[in-house]
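Participant: Sequence:
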Amino acid sequence: MSSIRKRLVVAGGGAAGFFCAVNAARLSPQLEVVLLEKTGKLLSKVKVSGGGRCNVTHNAPDITYMTKRYPRGQHFVKKSFSRFFVPDTIAWFADRGVKLKAEADGRMFPVTDDSQTIIDCLLYEADRYRVRVEMNQEVTSLERTAAGGWILHLQGGRKLETDYVCIAAGGYAQAGKFSWLEQTGHTIVPPAPSLFTFNMPGNPITSLMGLATEAHVKIAGSKLQEKGPLLITHWGMSGPAILRLSAWGARELQALQYTFTAIVNWLPDYNENTLREAWPSLRLEYGKQKIHHKNPFGLPQRLWHFLLQQAGIHEENRWADVPAKDQNKLMKLLVSMDFPVKGKTTFKEEFVTCGGITLSEIDPATMESRLVPNLFFAGEVMDVDGITGGFNFQHAWTSGFVAATAIVGK
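The numbering of the sequence shown is our numbering, which starts it at 34 and goes up by one.
Fair warning: there could be bad hints in the mix.
Said to hold, decoys possible - PhoX-like mimics (lysine-lysine), calculated; alpha carbons at most 20 Å apart, straight line:
| # | residue 1 | residue 2 |
| --- | --- | --- |
| 1 | Lys71 | Lys192 |
| 2 | Lys101 | Lys251 |
| 3 | Lys375 | Lys358 |
| 4 | Lys375 | Lys327 |
| 5 | Lys210 | Lys71 |
| 6 | Lys251 | Lys377 |
| 7 | Lys39 | Lys443 |
| 8 | Lys358 | Lys323 |
| 9 | Lys101 | Lys111 |
| 10 | Lys365 | Lys260 |
| 11 | Lys375 | Lys251 |
| 12 | Lys132 | Lys80 |
| 13 | Lys365 | Lys251 |
| 14 | Lys323 | Lys260 |
| 15 | Lys192 | Lys39 |
| 16 | Lys256 | Lys101 |
| 17 | Lys80 | Lys134 |
| 18 | Lys327 | Lys365 |
| 19 | Lys101 | Lys260 |
Derived by calculation from the structure, the hints in this document are not laboratory data.
My request is simple: use the sequences and hints to build the entire structure.
Facilitator: Next up, the structure:
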């Protein structure tokens, strides 16, 4: 390597890799920056995130609030967020003409509602600061040089020598895929899927596919529970409440081989006791009306009809005429309905894995390996993952930026 110009190679053309590459190149014009992407696509998760709108970050009031949204890595991100946080992300994109907006649930998107806006911004920055982007270049192993740098061995036999390496290769579904990183002396926490939907084969609820409603969901026999929008799909259940449960329960649900019971409360403001207390006055108020037509809980009509059907209540029944047995059954279904789950489905292309490089082996202040110098990490390759809502992208921007500034500082 020439001693005049130092080189950084970033492995991974996703959000974290691009953010590291463009910021390092911008902050240190004399640094040669090469970004390698193993596929033929750049920023593919950015493209599909948020239904194609790109959920860039989350409008969090402070770092403590934010860290509580990471099932794994809370302590780690607390330290890294002190160096680059949500306001920094908003300002970074705003300085480049990309304004972000916050929605009621805290998710933040570009005002264009188009993920291509974010992609174009990052590609423009890479071009502007002369980052050399190479596609279809997969790293197969890393080798230390005598001078303290690295040789990257690529698929097909090519070698690339560099002073610094930042690994932003994303998560892997199989532990074996991490072997090239284990060879550097790092410990891998075995991966597990972390954002997935629940499969309920043959369950009649799937006849309501497309229906969304607020619900409280818990996993029988565990402490896992979440409240939020629930979406019924043709294979089972999805939506923010389910995806958050899948993140918090990633390890537990994997151990159960994705066979468990989800208990759904369709009326999150009630429990069985409070509903029983409210019932007599509802029965009195709506006594003469057909129960099929009068749904006092604001539930979607299709869901209300489905629950009445499951309770065996005839559509001609008036509120006052519902037999006590059927009434009890309906109350139970409203606040505590059991759904056997068998299997999972990856959530579109936005899936996240937990697992990766053990965090104790990485310095959160620099993203540099604590085991070997001049090796840095960014994004999902580390054992950090957030629930759905812009948290995984914020970790990508933060870790990419922190790594870039640490490399430039060297």
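Participant: Next step is simple, just say for each hint if it's right about the structure.
Facilitator: Against the structure, the hints come out as follows:
1. Lys71 x Lys192: OK: lysine 71 and lysine 192 at ~15 Å, within 20 Å.
2. Lys101 x Lys251: 19 Å, holds
3. Lys375 x Lys358: 30 Å, violated
4. Lys375 x Lys327: Judged against 20 Å, a Cα distance of about 34 Å means the pair is violated.
5. Lys210 x Lys71: 13 Å, holds
6. Lys251 x Lys377: At roughly 16 Å apart (the allowed maximum being 20 Å), lysine 377 and lysine 251 satisfy the hint.
7. Lys39 x Lys443: The hint holds at about 10 Å.
8. Lys358 x Lys323: Distance ~18 Å between lysine 358 and lysine 323 Cα, so the pair holds.
9. Lys101 x Lys111: Status holds; Cα separation ~9 Å.
10. Lys365 x Lys260: Measuring from Cα to Cα gives roughly 18 Å; hence the hint holds.
11. Lys375 x Lys251: Holds: lysine 375 and lysine 251 sit about 15 Å apart, inside 20 Å.
12. Lys132 x Lys80: 17 Å, holds
13. Lys365 x Lys251: 15 Å, holds
14. Lys323 x Lys260: Roughly 30 Å separates the two Cα atoms, so the pair is violated.
15. Lys192 x Lys39: The given pair, whose Cα atoms are some 17 Å apart, holds under the 20 Å limit.
16. Lys256 x Lys101: 16 Å, holds
17. Lys80 x Lys134: 18 Å, holds
18. Lys327 x Lys365: Holds. Lysine 327 to lysine 365 sits at ~18 Å (cutoff 20 Å).
19. Lys101 x Lys260: Cα-Cα ~16 Å, so holds.
Figure legend: structure checked against the earlier numbered hints; hints not met, in rising order: 3, 4 and 14.
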